[in-house]
Amino acid sequence: MATSSVSKGCFVFKPNFKKRKISVPVEDYFNKGKNESEDSKLRFETYQLIWQQMKSETERLQEELNKNLFDSLIEFLRKSYSGFQKSSRDWGCQIKLREIPTAALILGVNVTDHDLTFRSLTEALQNNVSPYVVSLQAKDCPDMKHFLQKLVSQLMMDCCVDEETKEGSIQVAQKKTHCSMDSLSSWYTNVTRKTDPKMPRKKRTSSSQWQSPPVVLILKDMESFTTKVLQDFIIISSQHLHEFPLILIFGIATSPIIIHRLLPHAVSSLLCIELFQSLSCKEHLTTVLDKLLLTTQFPFKLSEKVLQILTNIFLYHDFSIQNFIKGLQLSLLEHFYSQPLSVLCCNLPEAKRRINFLSDNQCENIRRLPSFRRYVEKQASEKQVALLTNERFLKEEIQSLLENLHVYHSNYFLVLRCLHQFTSSLPKYPLGRQIRELYCTCLEKNIWDSEEYVSALQLLRMLAKDELMTILQKCFKIFKSTSEKQLGSTAKRIEEFLAQFQNLDEAKEEEDTSGSLSKGLQKTDLYHLQKSLLEMKELRRTNKKQTRFEVLREKVVNFIDSLVREYLLPPETQPLHEVVYFTAGHTLREHLNAAPRIALHTALNNPYYYLKAFATVVTAAEKMDADSATSEERNEIIHARFIRAVSELELLGFIKPTKQKTDHVARLTWGGC
Amino acid sequence: MMSKLELKEDRMLEVQFVGDDDVLNHILDREAGAKLKKERTQLLVNTKKIIKKPEYDLEEDDQEVLKDQNYVEVLGRDIQESLKNGSAADGGNKVYSFQNRKHSEKMAKLASELAKTPRKNVSLSLKNDPEIINIPQCSKGHSASDNVQLKNNDKSEFLSTAPSGLKKRLIVPRSHSDSESEYSTSNSEDDDGVAQENEEDTNEVILNQKIPSQNRAVSAPVCKETPSKKMKRDKTSDLVEEYFEAHSSSKVLTSDRTLQKLKRAKLDQQTLRNLLSKVSPSFSAELKQLSQQYEQLFHKWMLQLRLGFNIVLYGLGSKRDLLERFRTTVLQDSIHVVINGFFPGISVKSILNSITEEVLNHMGTFRSVLDQLDWIVNKFKEDSSLELFLLIHNLDSQMLRGDKSQQIIGQLSSLRNIYLIASIDHLNAPLMWDHAKQSLYNWLWYETTTYSPYTEETSYENSLLVKQSGSLPLSSLIHVLRSLTPNARGIFRLLIKYQLDNLDNPSYIGLSFQDFYQQCREAFLVNSDLTLRAQLTEFRDHKLIRTKKGTDGVEYLLIPVDNGTLRDFLEREEEES
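Same order as they appear, the protein sequences are chains A and B.
Following full-length UniProt numbering, the numbering of the first sequence begins with 1 at its first residue and continues without gaps.
Following full-length UniProt numbering, the numbering of the second sequence begins with 1 at its first residue and continues without gaps.
It is worth saying that the hints were derived from the structure and are not from the lab.
We treat Cβ as the ideally placed atom computed from N, Cα and C, and that holds for glycine.
Treat the hints with care, since some could be wrong.
[Unchecked claim] Derived list of chain A stretches under chain B, where covered just means 3 residues or more per stretch with a C-beta under 8 angstroms from a C-beta of chain B:
{"no.": "1", "region": "52 to 59"}
{"no.": "2", "region": "320 to 327"}
{"no.": "3", "region": "441 to 453"}
[To be verified] Beta-carbon label-pair distances, calculated as ranges:
{"no.": "4", "chain 1": "B", "residue 1": "385", "chain 2": "A", "residue 2": "449", "range": "56 to 64 angstroms"}
{"no.": "5", "chain 1": "B", "residue 1": "274", "chain 2": "A", "residue 2": "143", "range": "53 to 61 angstroms"}
{"no.": "6", "chain 1": "B", "residue 1": "362", "chain 2": "A", "residue 2": "52", "range": "30 to 38 angstroms"}
{"no.": "7", "chain 1": "A", "residue 1": "389", "chain 2": "B", "residue 2": "385", "range": "45 to 53 angstroms"}
Could you put together the complete structure from these sequences and hints?
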C-alpha cells in the first residue's frame, strides 16, 4: 500500500487478525540487533531486572522525599479545616471564615517533575483529607469562565465515578450550561447531604471523620495564571466560603513574594497563607545518586564521562530528575545491548553461577578485554599461558576477579564517603561540595595526583580539634555501618583516634601555653588561612616542637591519605571493569542531547550534494559545445535541479521567499538577516 | 535672482560640509568655477541626458544584461577610460559645476526648507563621517586643475594599492543604512518635485547626503537602485562618482537576475519530476552504504520503542524512504499509522480521526479534539494488549508544528502502548518542544543523514519556482460535473462563462441569484427558482460555488476556482461535445 497520496496524509495499516495475535516479544528485538551474540536473552532479563529495581528504588526515594512535605501539608489542611467546623460560634472565627486557607508550595523552576509530585500529592490528599481534590493548570484557564468550567467538570467527574452513571451524565450535561459559584455550592451541599447516609463506605474511611470534607484546589503553576482570574476567583470564593469550604494550594516556582506581587492587598488579605518548601532538585539528585550509583546494591556503574554528561544535562538543561533517570535507563540499556560480557553484570553470587556457563566465545571476549590483558601481562608466564588457554582456569580466575571487583567497590564507596566528609567542609571546596563532584574526579584519575587534593590535605592539616572530631565520628559511623572485613579495622583505627583526641582534652590543660596556636587556626577564610600557613611554616622552622594535638592531627590526615591511595583507585585499574562500567558517553549525548543544527551544518558543509546542482552548471557549460543537440534538455535539467535545491532549502528552513522582489529569497540563518 | 541667492546659501552649506581643511581650496575653486559658467550649462544638458537615459533603461527593461563587476576593478577602469577620453581634464571642475547647476534646478524647491534650518545641517553633516573623509580626496583633485592627469594617476595608484581600504569604506555606510535607504527612495520624489513638509527632519538628512553625492556623482541617482551593477557605457563617470555610487547603495544588494531572464517557462510539478528522474544520482554507492548502516539500527529502534522511548530522526536528507523501509521490514505484523506531516492538509484532527475510526473502529463523533484525545488515551490505558505504532514523516511540518498539535501528539506518544517514530527536517524544529513536551515525548535522537532528495516532501510545497498547475481542481471539477445531469452542467457552464466575461471587472463580486435565474430560464435550463436552488445546493455541497451576500442584501454566486482552470475546463467541455 502506498503511503503517499494527494488527498490524505494518514494511512492506517492493520495486519490480518491472525497475524496480529502473535505479538513479538521485546527481547526478540534485543537479540536481533546488529551484534547477534551470546547470552542476549539472559542479558535482556538482567537488564529488565536491574531496571525494575532501580525504578522502584527511585520511586521509593521520591515518596520518601515527598513524605515530609506531604505530611506537613496534610496537617495544615486538617487544622484549617477544623477551623471551618467550629467557626460558627465564635466571632473571631467568623472573621477568619472569610479567609481561604492557602498553602503556598515552593517547588522550584522545573516543571516536568512537578507533575509527578502533584499526582502523588493529589493521591495523598484524596486518601487523607478529602475526596474532592482538583488540580488546575494555567493554560486551561485563560479566563474565569474556563476556570470555573474546569473546576466544576473535574469535581463532578471525580465523584461521578462513585455515583450511578445516570446521574453522572446529567451532571456532565449540566456542566456545559452554567458554571457559577452558586451552582457549585448548591452541588456541594447536595453531594455532602447525599453521601451522609452512605457514609459507612470502605473508600472514605479516612475522610469520613469530617461530615463535609473540604474541596482542595491545586493551582499547579500559580505564576502563569492571569492575575484577574486569580483575583476574581479568590474574591468570589471567599464570599461562598461558608457554604463551599475551599482550600487552595499554590504551586510556586520562584519565590513566595510572587503571591503579593500578583495579588493586591485587598485580595491577598482574603487568604490565610502558609509556606511549604519542597526539597530542591539538586538535593534530590544527590539522594538519587547516592542510592543508585554510590552503592553496591546495583552492580551497574557509570564511567566518569557518562556521569558527567548526565549531570551536565541535569544542571545546565532541565533540572529534571526524570530525565536523569531516563539517561540512566538508556545507559543501562546501551550497556547490556552493546557489551556481551554485561551478562556478568549482576549480583555476585548470580554472576559466579553464570561464569560456569560461559561459552568459549564469551571466554574469548573476556580475554580480549583490555583490562584483562593488562592483568594477564602482569602474571607469571605459566599463569599467563593457563589463563589464555585453559577455560576452566580462566573461569576460576574470573570468579576471583569479579569478587575482587565487588570488594573494590564496597571499599571504594566507603572511603569515598569518608573523604567527602573531610573535604565537604573545607573552605572554597577544593574537591567540590557535592559527593558527585568528588566521585567524578576519583573516577577520572588518581585523585592524589591532583593539585586540589594536595591543597585539600593541606587544609585538613589545619582543622581544629572539634571539627576534626565530628568528622571522624561521622566517618566512624560510615565504616561501622558495613561489615567488610578489611575496613572493619579502619573503623577501629578511627575509634582509637577519637579516644586519643579525648585523652588529649585532659592532657591539654597542662600544655595550654602552646595550645593557643590551634585556636588561631580555627578561622577559615582564605586570607587568614594563607597567613596562618605562612606563620606555621615560620613556626615549624623556628620551633620544631609540635603539640601533641598537631602530631595526632598529622597522623589522622596521613591515615586518610593512605586510605585514599589504597582504595580510591580509578576503576580502569581494575581488571574486568568493562563488565560493569558503561563508558560510551558519546552515544548517550547523541541520543539525549542531540544537536540537529550541527548535523545539518556538517552535512551541508560536505559540499557534494548542494553544490552539485551548481557545479553541473559549470560542467554543462563546458560540454555545451560538444553536444549542442541535448543542451536544451540539459539546461532544463539544471533548471529543475536548481528548483529542487531551492525548495529543499526552504523545507530545511534556511531560506524563505520574500514578497519584495520576484524570485528572491531571504536567508534565515547563519549571519542572514 | 532668488534662486541665485539661494544658490549661494547652498554653496555655503557645502563648505561646511566639506570640512575645515579644504575650505581654502574650495574658495579657489569657486573662482575657477565662475569662469566656466558657459561650460557648465552645456554640461548640465549632458548630465540631464545621462541621468534620464539610464533610468529609463532600468525601469523599462530590467532584463538587460548587466555585467557583474568587481567594484574596485570598475573604479580603476573608469579612471583610465576617463584619462583616455580627456574629459577628465575638467573632471574636478565638473563636480563643482554640477553642484551649482543642479541646485538651481532641483534643489530650488527644497531650498526654502533648507533656509529655514541651515544651522542644523552643520551638526547633521558631522555625522556623515564617511563622506567627510572622502571629500579631501576629491577636492584635491579639483584644486590643481592643471595637473589633473597626474592626480588621476595618483588616484588610480591609490586604488590599486589599497583596494581593501576602499572596500572597508564601502561597508561603512551600512551603519547609516537608515538614512541612506531613505535617501535612495526620496531621490525620485525630489525629481518629481514633491517636497514633504511633514518630513522636514528626514529631508534635511537627505539633503545633506544628497548635496555631496549629487554634486559629485553624475550617475549617482541612476545607479542607486542597482549599485552593484555598473553601466558599461557610463564612461564619463569617474572615480569619485563611482565612490559615491557605492555609498548611496541601499542596504540590501540583491541581484536582479530573475528566472524570467532565463526565458524558461515555469515548470510544473510533473515535468519537474520527470526532469529530475533523468538525473542519475551521484554517489549512489555511498548513499546506499549509509542507508544500510541505518537499517541495522531498525531492531534497536524497535527495542527502544518498546521500552518506552520514542525516536526522532534528524539530519540532512529525506528520511522518508528510511522510515518506509523500517515500516516494511519490522512493522508488518503490527498496527501502524503512517502520517505524512508534509501533506498540506494534515491536521491533528485527521490523525486522531484515523486512530479512532480506523484503528479503534469507533464510529462516533467527538465534541472536541481534546475529548477525542481523552477517549483514545482511556482506550489505550484500558486495553494494554492494544499496540499502535505512529510513523510521522516531518513532525515539524507547517501544519503540525503548532503548540497545540505538538501537545496532543506528545500526549499520545507518552502512552505506554503507543510508539512514535518521527522525523524532523527543519533547522529550528527542536524549538517546538519545551521541557514539558520533551518529557512527554521522551525522545531518543538519532542522526540519520541520508542526503537523499526531499522529493515527496517538497512536492506539495508551493515552491516559489514551481508553477501551480491547477491540475487537481481541474480533474475534480470534471469528475464532479460528469456525475451531474446535463441541465446542471449547463447551469454551471453559464456561471463559468459569466465569471470569465467579468474577468477584468475588479468590482465583480458574483452573479446575483435573480440574474442567474433569468439566464437559466432563457436557456431553458430550469423552470422555477426552486429547481435552480436545488441545483445550487448540490454545487455548494461539492464546494463548486460560494454564495455571498452583497451590500444590497442580494445573494451573489461565485465559483472559487481560478480562472485559468475554468477556462481549461470550458475548453475541454467543448472538445468533448
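A quick look at each hint next to the structure:
1. 52 to 59: violated (count 0)
2. 320 to 327: holds (count 4)
3. 441 to 453: violated (count 0)
4. B:385 to A:449: 56 to 64 angstroms: 57 angstroms Cβ-Cβ, so the 56 to 64 angstroms window holds.
5. B:274 to A:143: 53 to 61 angstroms: For residue 143 of chain A against residue 274 of chain B, whose Cβ atoms are near 55 angstroms apart, the range 53 to 61 angstroms holds.
6. B:362 to A:52: 30 to 38 angstroms: Holds: the Cβ-Cβ distance is about 34 angstroms, inside 30 to 38 angstroms.
7. A:389 to B:385: 45 to 53 angstroms: holds, 52 angstroms
Hint compliance for this structure: hints 1 and 3 are broken, all remaining hints hold.
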